[in-house]
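Enquirer: Listed below are the residues making up each chain.
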Amino acid sequence: MSRVAVVRFPGSNCETESLAAVVRAGGTSVLLDYRETSLGGADAVILPGGFSYGDYLRSGAIARFAPIMQAIQAHAAAGGAVIGICNGFQVLCEAHLLPGALLRNAQQRFAARPVDVRIERSDTICTADYQVGEVIRIPIAHGEGRYAADEATLQQLEADGRVMLRYVSVPGSDAPHNPNGSARDIAGICNAAGTVVGFMPHPERLAESALGSDAGHRFFTSLVSRLAVGAAA
Amino acid sequence: MNQRVHIRVIPRTGLLDPQGQAVEHALGVLGFSGVTDVRIGKAIELSVAADTPAGAEAVARRMCEQLLANPVTEDFVIEVEAR
Chain A
1 MSRVAVVRFP GSNCETESLA AVVRAGGTSV LLDYRETSLG GADAVILPGG FSYGDYLRSG
61 AIARFAPIMQ AIQAHAAAGG AVIGICNGFQ VLCEAHLLPG ALLRNAQQRF AARPVDVRIE
121 RSDTICTADY QVGEVIRIPI AHGEGRYAAD EATLQQLEAD GRVMLRYVSV PGSDAPHNPN
181 GSARDIAGIC NAAGTVVGFM PHPERLAESA LGSDAGHRFF TSLVSRLAVG AAA
Chain B
1001 MNQRVHIRVI PRTGLLDPQG QAVEHALGVL GFSGVTDVRI GKAIELSVAA DTPAGAEAVA
1061 RRMCEQLLAN PVTEDFVIEV EAR
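The listed protein sequences derive, respectively, from chains A and B.
For the first sequence, our numbering begins at 1 and goes up steadily by one.
For the second sequence, our numbering begins at 1001 and goes up steadily by one.
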């Protein structure tokens, strides 16, 4: 069975939802302490949302040096699945596993609200169960989610098709088109193989229909089925 | 011997700095007219064991490159205290 480790740093606060979302999708999940130095045989690792190390210095800047990160770097380098959600995305950028950085929201406010995002790639570990072009509504909750990178990097990301999620405006919706001022409306990116992904919205917070929508559920079914295929191969 | 090092980390020119914008606005509200280009960064002070100011600066530069500043979005300035 697909086994997903969810790392808890000091200040993480979305690990419980992430663990539950994996189980709901049919996988097994295990909490992994940031002081560990091995993934313990997990097939994938999720860096959850929160405020690791109180966002001291920069979001994700200290977590990057946590003991578990060396194992995560090695896992990513070997083609293993690594998912960064919100603060996890910030950690992946600080760790140079993904390019760019997440800066303070342009609106100068913490943004906690539903947003509309379009699936730009359906061949990543998190989006296989969505269609390209599909628009889903899931929440964001961040003060520092403005994706930034130099122009050459942005052009390269677009040319390589590595923008995985993009903020969009839906006619009649009250959600802002771009809730934080991200370059090119980027909400999430991935590495070339689609095995290392990072995004600001929180699918794990909306993965159960009892909450009114399970729009984020398929992030986790995508992951669990991909891991199951990998294990069988 | 210890060298005292002052490091300034500033958001790169051209990148939107919402903190700077907010403070610029507030200064205007207070009646400080003609204030432009407010940018807000961090000041970091530390002591480091090094024989010379140049040695301390070299170590501080490596600290900035690896941790204290984000090379994607920030610039830094290092000054070693004169003795």
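Think of the hints as simulated: they come from the structure by calculation, not from any bench.
Do not take every clue at face value.
[Claimed, not checked] A few chain B positions that, by computed beta-carbon distances, are all more than 10 Å from chain A:
hint, residue
1, R1004
2, R1008
3, P1018
4, Q1019
5, Q1021
6, A1022
7, G1028
8, F1032
9, D1037
10, K1042
11, E1057
12, V1059
13, E1065
14, R1083
[Claimed, not checked] Computed Cβ-Cβ distance ranges for the label pairs, DEER-style:
hint, chain 1, residue 1, chain 2, residue 2, range
15, A, N13, B, I1040, 51 to 59 Å
16, B, I1040, A, R113, 19 to 27 Å
17, A, V132, B, N1002, 55 to 63 Å
Ideal Cβ placement from N, Cα and C applies to all residues, glycine included.
Enquirer: Closest CB-CB distance from G1028 of chain B to chain A, is it above 10 Å?
Expert: About 15 Å separates G1028 of chain B from the closest Cβ of chain A, which puts it past 10 Å; holds.
Enquirer: Confirm or reject the statement that E1065 of chain B sits farther than 10 Å, beta carbon to beta carbon, from all of chain A.
Expert: 12 Å, holds
Enquirer: Please confirm whether D1037 of chain B is truly not at the interface, meaning its C-beta sits more than 10 Å away from all C-beta atoms of chain A.
Expert: Answer for D1037 of chain B: holds, closest chain A Cβ roughly 17 Å.
Enquirer: Tell me if the beta carbons of I1040 of chain B and R113 of chain A are separated by a distance inside 19 to 27 Å.
Expert: Holds, at about 26 Å.
Enquirer: Okay, N13 of chain A versus I1040 of chain B on CB: inside 51 to 59 Å?
Expert: Between N13 of chain A and I1040 of chain B, where Cβ atoms are some 27 Å apart, the hint is violated.
Enquirer: Does A1022 of chain B really sit off the interface, with its C-beta more than 10 Å from all C-beta atoms of chain A?
Expert: Label violated. Min Cβ-Cβ 5 Å, cutoff 10 Å.
Enquirer: Would you say E1057 of chain B is clear of chain A, with no C-beta pair closer than or equal to 10 Å?
Expert: Consistent with the label, E1057 of chain B stays out of reach of chain A, its closest Cβ about 20 Å off (over 10 Å).
Enquirer: Is the Cβ of V1059 of chain B more than 10 Å away from each Cβ in chain A?
Expert: Fine: 17 Å to the nearest Cβ keeps V1059 of chain B off the interface.
Enquirer: According to the definition I'm using, a residue is off the interface if its beta carbon is farther than 10 Å from all beta carbons of the partner; does Q1019 of chain B meet that for chain A?
Expert: 7 Å, violated
Enquirer: Check the non-interface label on F1032 of chain B: least C-beta distance to chain A beyond 10 Å or not.
Expert: 19 Å, holds
Enquirer: Examine each Cβ of chain A, and state whether all of them lie more than 10 Å from the Cβ of P1018 of chain B.
Expert: Violated: least Cβ distance 4 Å, not greater than 10 Å.
Enquirer: Evaluate the condition: distance from the CB of R1004 of chain B to the nearest CB of chain A exceeds 10 Å.
Expert: It holds; R1004 of chain B is separated from chain A by about 20 Å at its closest Cβ, greater than 10 Å.
Violated hints, in rising order: 3, 4, 5, 6, 10 and 15; the structure is consistent with all others.
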